[in-house]
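Using the sequences provided together with the hints, build the complete structure.
Residue numbers (this note's numbering), protein chains in the order written: chain A, 1 to 462; chain B, 1 to 446.
Just so you know, the hints here were simulated from the structure itself, not pulled from any lab data. Just so it is clear, the structure is predicted and the values come from calculations on it, not from any experiment. Hints should not be assumed to be uniformly reliable.
Calculated pairs, BS3-like style, for lysine-lysine (alpha carbon to alpha carbon, straight line, at most 27 angstroms) [what the hints assert, rightly or not]:
#: 1; chain 1: B; residue 1: Lys123; chain 2: A; residue 2: Lys372
#: 2; chain 1: B; residue 1: Lys148; chain 2: A; residue 2: Lys263
#: 3; chain 1: A; residue 1: Lys86; chain 2: B; residue 2: Lys307
#: 4; chain 1: B; residue 1: Lys350; chain 2: A; residue 2: Lys147
#: 5; chain 1: A; residue 1: Lys360; chain 2: A; residue 2: Lys316
#: 6; chain 1: A; residue 1: Lys316; chain 2: B; residue 2: Lys147
#: 7; chain 1: A; residue 1: Lys263; chain 2: A; residue 2: Lys360
#: 8; chain 1: A; residue 1: Lys233; chain 2: A; residue 2: Lys95
#: 9; chain 1: A; residue 1: Lys35; chain 2: A; residue 2: Lys239
#: 10; chain 1: B; residue 1: Lys307; chain 2: B; residue 2: Lys350
#: 11; chain 1: B; residue 1: Lys409; chain 2: A; residue 2: Lys95
#: 12; chain 1: B; residue 1: Lys275; chain 2: A; residue 2: Lys147
#: 13; chain 1: A; residue 1: Lys375; chain 2: B; residue 2: Lys409
#: 14; chain 1: B; residue 1: Lys148; chain 2: A; residue 2: Lys316
#: 15; chain 1: B; residue 1: Lys66; chain 2: A; residue 2: Lys316
#: 16; chain 1: B; residue 1: Lys307; chain 2: A; residue 2: Lys95
#: 17; chain 1: B; residue 1: Lys409; chain 2: A; residue 2: Lys121
One letter stands for each residue in the lines below.
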Amino acid sequence: MLLKFIGHALHAGVCALAATALLSSTAHAQTSEYKLANGLRVIVKEDHRAPTVVSMVWYKAGSIDEVNGSTGVAHVLEHMMFKGTKQVPVGEFSKRIAAAGGRDNAFTSRDATGYHQQLHKSQLPLAFELEADRMANLVLSPEEFTKEIRVVMEERRLRTDDRANALVFEQMMATAFIAHPYRAPTVGWMSDLESMTWHDARDWYDRWYAPNNATIVVAGDVNPKEVFALADKYFGAIKMKVLPERKPQDEPAQRGIRRITVKAPAEQPSLMMGYRAPILRDVENDWEPYALEMLAGVLDGHDAARLNSALVRSEKIANAVGTYYDSTQRGPGMFMVSGVPSAGRTVAELEQALRRELAKIVTDGISNDELKRVKAQVVSSQVFQRDSIYYQAQQIGSLEIAGYPHQTMDTMISKLRQVTPEQVQAVAKKYLIDDSLTVAVLDPQPLDAAKPAAPAEARHVQ
Amino acid sequence: MFNNVQRWFCVLTLCAVAAPAWALLPIQHWQTKNGARVYFVETRNLPMLDVSVDFPAGSAYDTREKSGVAALTQSLLKLGAGGLSEDEISRRMADAGAQFGGRVDSDRSGMSLRTLSSPDEMKQSLDILARMLQRPEFPATVLEREKKRIIDAIREADTKPETRASRNFSELAYGNHPYGLRGVGEAATVARVTRDDLVAFYRRYYTADQAVVAIIGDLARPAAEALAEQLTAELPRSASAPTISPVPSLAKAEMRVIAHPASQSHLLMGMPGIKRDDPDYFPLFVGNYILGGGGFTSRITEEVRSKRGLAYSAYSYFAPMQERGPFVIGLQTRKDQAGAALAVVRATLKDFLDQGPTADELLRARQNLVGGFPLRIDSNRKILDYLAVIGFYHLPLSYLEDFVPSVEKVTLADIRAAFARRVDPARMVTVVIGPDAATLAAAAVK
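Written as structure tokens, this is what we have:
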């Protein structure tokens, strides 16, 4: 699959760090919700601009639910979901969707696994029929597993092993989190992929693929009642399961700064700094996560925001800077700043400069104009996102899976707009502290001196 | 509320065959006073507006000596214009909640704007776009900084196997033709670029009569006309339309194998393909869906990935340009499998060229491309891109209405004949970055 690791992709390139996640959440007029007797939830977002529809099935099963020794299994199972059922032979799922004029794909993130189709609205029943079939009747054969696990290893090589900044991010997460499963990459450690069997994938499927662990989101030119009836028709007969207990695996408090160096073939060094930070739990009463979202916007929400203006444009100490914070996820939060020093400048100098910019906010606060500027983008992006039904469905699904009812989105937006400069200063002061900081540095290695491959791969036998 | 997009689709699905040429997408077209071509679709569903302005000012107009001028010119438009500094521009854009984008490819350079259609926001963001397009200042200090950043980025990119693959492919496939130049330039050529180069390039290629203005959104025709004037009235007219020389055909097959320490090898093969107005466009488009463009339904993905687990991504595509853009087959695989993957791709292509697709494959391709047509125009953003392409490449205003019939018309014989004319393994270049030549040769023999 051309699958996206949502969290992963956002972090992989230092220069491509998105400013914030909530700033790009969508308006949600005209949503309807329904729950089947077997626990399956269906959320419909009407958008009648075009006769198309996007259908997504989200399973609350991401790499956060994995255990040591079988990291990557959520993602491997995602690949195996295209390998057929008794009714629909291997490879046929995508072929049938394609023959109906549709596009289909899937993704695995830290928090969830999702499957989606984009189609003419008349073809929604086909998407439901196929998804319902593989929710209950997946055939997992050792032969197909043996081929597909090799595809997944190629994917890991492509997206992580041969990308210096992806390696830095992977090792940074493994350093910042000791107990929590966010420490492991969604794609899995190579050794775990090498030792994985089709039984592991089967176990995962049996455990998590159940209607009462799934949410369907449909957006587009549809009638909610008809969608609910279709859901009953196709998914209604699937039995619910007793879901395994989810252990919290809470991360212990960090007791001091952590620093790592990652050596990888590259030309330029880079720097990632991650501060442990809270996430949104109580949409009505929390305020810190909203203030952290705005802090990220003030630092990096547009080209003249503080970091780019000061460090790239004015001082020219950095070639690129970025900030990332996502207040809405299942696991613990992190407020990240990152950068690539310009030629002749060191990561140490860049770290000092980044710290100085953060300290300025802690000591001097921010102006009302700066905050207003970030809020203007909250407002406009609410409108812009309505141009894409795919994006609207994606937003609803990712929030729901992380535990935020989609109806609370308006509240979130309104809370964001209420954030004050004092609150931004307060969260900067409280959370941008060394004791909860992890710093990762890319130490670029010349190509000819690089080792040909990781040892794990050399051991791998076809 | 009057619902344009929906109405177009009703027309399509209910009476596509009988639909008059204007029915599907009511594209309004006119020229500004000084000759810019405007393509406008009015749709009032969302209180927003998308605009793009493109010029024939892509990297094909760069010189080998100073490759990168086109991209630098484009990227400096927003870094100082009409008396506003780069930070003032960014702040005003942000205050308006607007999003600016830009693009540079071999043929085109341009800017795009997405803005709210509320009067204050729209006025402010259009004012900035108008200044960037018509009064860029190319500040010397900004240029020096950007050159350094770009040179650093080029050096970084040059360590990556995918960059090495595409650079070597371009060299072999395009030789001295400007389509072989890298858009962003080379470290040495960017270092040579002066402010005078940017000013001269801007004056020559950013001209009113060559401009293509695409507009979609919450706007009435008179306001769209005023907007198009506002964005182009100050631009000069060109003395002559810029041209790109024809792409010479390759004389023979050629292969480059270059060692690289990455864990995967990157493989590209192909040759100059077709022009945007090529009569073979649709047979090749449909045929390539079957060969390597249709994801899991395509032969290359089936053979390389699904059957053998050799790669995560394996594909083929045509990139039709003003002159002949490339036909490319690509994949990445663990280094010691490069020989095996190459053999599979060659065999798959040979079989496709010799036998052509099957009737069932053509049926499925047609079903997807016809049935999936509504997905191509179900957002303002997607329609904007079509407007810009239709305008830039002088495609008929009926291009979108013609799309479905053009696909349906394609026969098995058309595909075989078009591929026979356009794709020839005996004159194809192959680049493998990863294994050294001896290792690859040894693997291929096995």
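#### Entry: Unmet hints by their number, sorted upward, for this structure
7, 12 and 13
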